[in-house]
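*Asks:* What follows is the residue order along each chain.
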Amino acid sequence: MSAPRTLFDKLWDSHVIALREDGEALLWVDRHFVHEGSHHAFRQLDAKGLTVAEPALTFGIADHYVPTRGRPHIADPEVAGMVERLSANAARHRFRLFGLDDPAQGIVHVVGPEQGLTLPGFLIVCGDSHTSTHGAFGAYAFGIGASEVAHVLMTQTIWQRKPKRMRITVNGRWGPHVSAKDLALHVIATIGTNGAQGHALEYAGPAITALSMEGRLTLCNMSIEAGARCAMVGPDETTFAWARGRPFAPAGAAFDDAIAAWRRLATDPDSAFDRDITLDGADVAPTVTWGVSPEDALPITAKTPFAQSDDPARASYIAGALQYMGLDGGMALSAVRVDRVFIGSCTNARLEDLRAAAAVLRGRKAVVPGLISPGSSLVKRAAEAEGLDRIFTEAGLSWAESGCSMCVGMNGDLVASGERCASTTNRNFRGRQGLGARTHLMSPAMVAAAAVTGRLTDVRSLPALGS
Amino acid sequence: MERFTTLSATACPLGLSNVDTDQLIPARFMKRSRAEGYGGFLLHDLRFEPDGAARTSFVLDDPRYAASRILVARRTFGTGSSREAAVYALWDYGVRCVIAPSFGDIFASNAVKNGLLPALVSDADCERLLAELARSPQPGLTVDLEALTIIGAGLSLPFSLDPVRRLQLLNGWDDLDLTRRHSAEIAGFRAARPSWTWPTPPSARV
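Chains as they are written, first to last, in the numbering used here: chain A, 1 to 467; chain B, 1 to 206.
The following block holds chain A by itself, in its conformation from the complex (with noise of 0.2 Å):
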């Protein structure tokens, strides 16, 4: 008999090629994503004069630099001639395009998994660190450098080394208004941003199971900030029922026998992990960050930190980032004022982000500006069909079209220097929303509560409205 292998075991041998005498292995790529910040990959391709190999493999998708307003104008000459140049790859190479007038473009991660381009069993490679996003299917997926997505275009395959296994078993549930979003900054906050680093993460337990597939996707979104490369959660009814039926999913005997593989990739009994961690997601609170690392989360209730501590390095760490953020040490965080509001991004753009928000927006004013920018156009397209964006124009804030948006600012959505923005994106680093720019991470509901009281709230404490 076998020994029993966990789920990235399974993953992982079922792409291994070639494996080498020093341990690395060359891995079969099904799904390659592409951007038009992939450009220096294309030219890399260029330099050799190659072309792609597995045109019917790889998808472009326009979603980093392109306006959320105005479209299909795009004001910016340079992020103009990025979106030609993706357009121009894809017709020479021969690969389908998401582009920017296509009715299903939206964040590379939210477009894989609704187009069903993204499925269990999959090796799924992009340029962009939050591919872990696809994991929630039960996929290796995993974020590449430019010279990687060069070589996956030439080749399809990837050179990697194994990492080791890691699991978070999350028993319990958490209480009303608590997302994957907080656990994910929980989790974040516990183990750190070096957490999980060089480690294949599988989150188990019942409070995983029972989250819906887009708060999956979220989970695993996020544990790139822990320092995984990848993160994943075993294919259930929830995954198969997600998949059925997707644009380029199998379809007929094709889905049942792609049924009955996914069923084969759960982790067998008595795996062995490299580090196993179990939680409570009862100890899961509404959380946000202070800093700028997502590791610096606390629960809303809680205050921000001293700079104070037995490391002097970590002492300096706290200060500086209590000094970019404007905030003292001490503060009650649901004190602290916003500036505006953003809602969007690859981790929490999705349908029921959208829903979350909206309940707590439903019939109430921001008093502060925001932004919401949905994951995908069709996500776009189905929050109008229920009335979503009723709900956030009558509060006050703007619906715009779809992309990675403020979340990373390269379109020219920026929060202003010195700006204080609640914000669903996935990092807070000094800077990423905008030179200046200070970014508290949450979840949709959470940025919800931030937008109608103007500060950090702790969404359960809002007044029940009359209905």
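If a hint is listed, it holds; no wrong ones were tucked in.
Computed, partial: chain A to chain B, Cβ under 10 Å: (1) Asp-22; (2) Glu-24; (3) Lys-48; (4) Gly-121; (5) Phe-122; (6) Pro-163; (7) Glu-225; (8) Pro-247; (9) Pro-250; (10) Ser-417.
The set of hints was computed from the structure by calculation and includes no laboratory data.
Every value quoted in this text rests on a predicted model; they were computed, and no experiment measured them.
Where is the CB? At the ideal position from N, CA and C, for every residue including glycine.
Fit chain B to the known structure of chain A by using the hints.
*Replies:* Using the frame of chain A, we list chain B on its own:
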């Protein structure tokens, strides 16, 4: 790819922890073509005021550390975004080696693919290097990748690097050359992929 064997150069005690790739090169510069050179964007918002004036207090711009080809930083250097432009910014500035107690995974991989050495040292050795480089009137180090040692500023310290990456850097190997040797295996593997793993174009659906 350039080979990396031994490097003797000025070393800058950057000293920062959590230097994410957004700080190494802010996103707004990545629309530019590499041909223009990315060196001027390295750590841009730490080195320059919003009006473009240089922050003279920033350690990298201290005349003692001019022409630094080695940086020493604290933990988790290069986390965050997968942007290889972070390595381009370091390379175009002239940096060939970063010494730190830990690196972001994707950054370390990108670095090696461009010939830049991410040298791992212990936290204690990192602190010793930072202290000595800050004190030394001529802050230089020799990084020997064959021997895995850092010598200079009165210190001799070990560093580590994944053995595969070490060989790649020492030999200047390109991944593509290695992959090409497996062309037949790739073709065989491709042919054996189950049919459900190939995308079904919507137009082909029954």
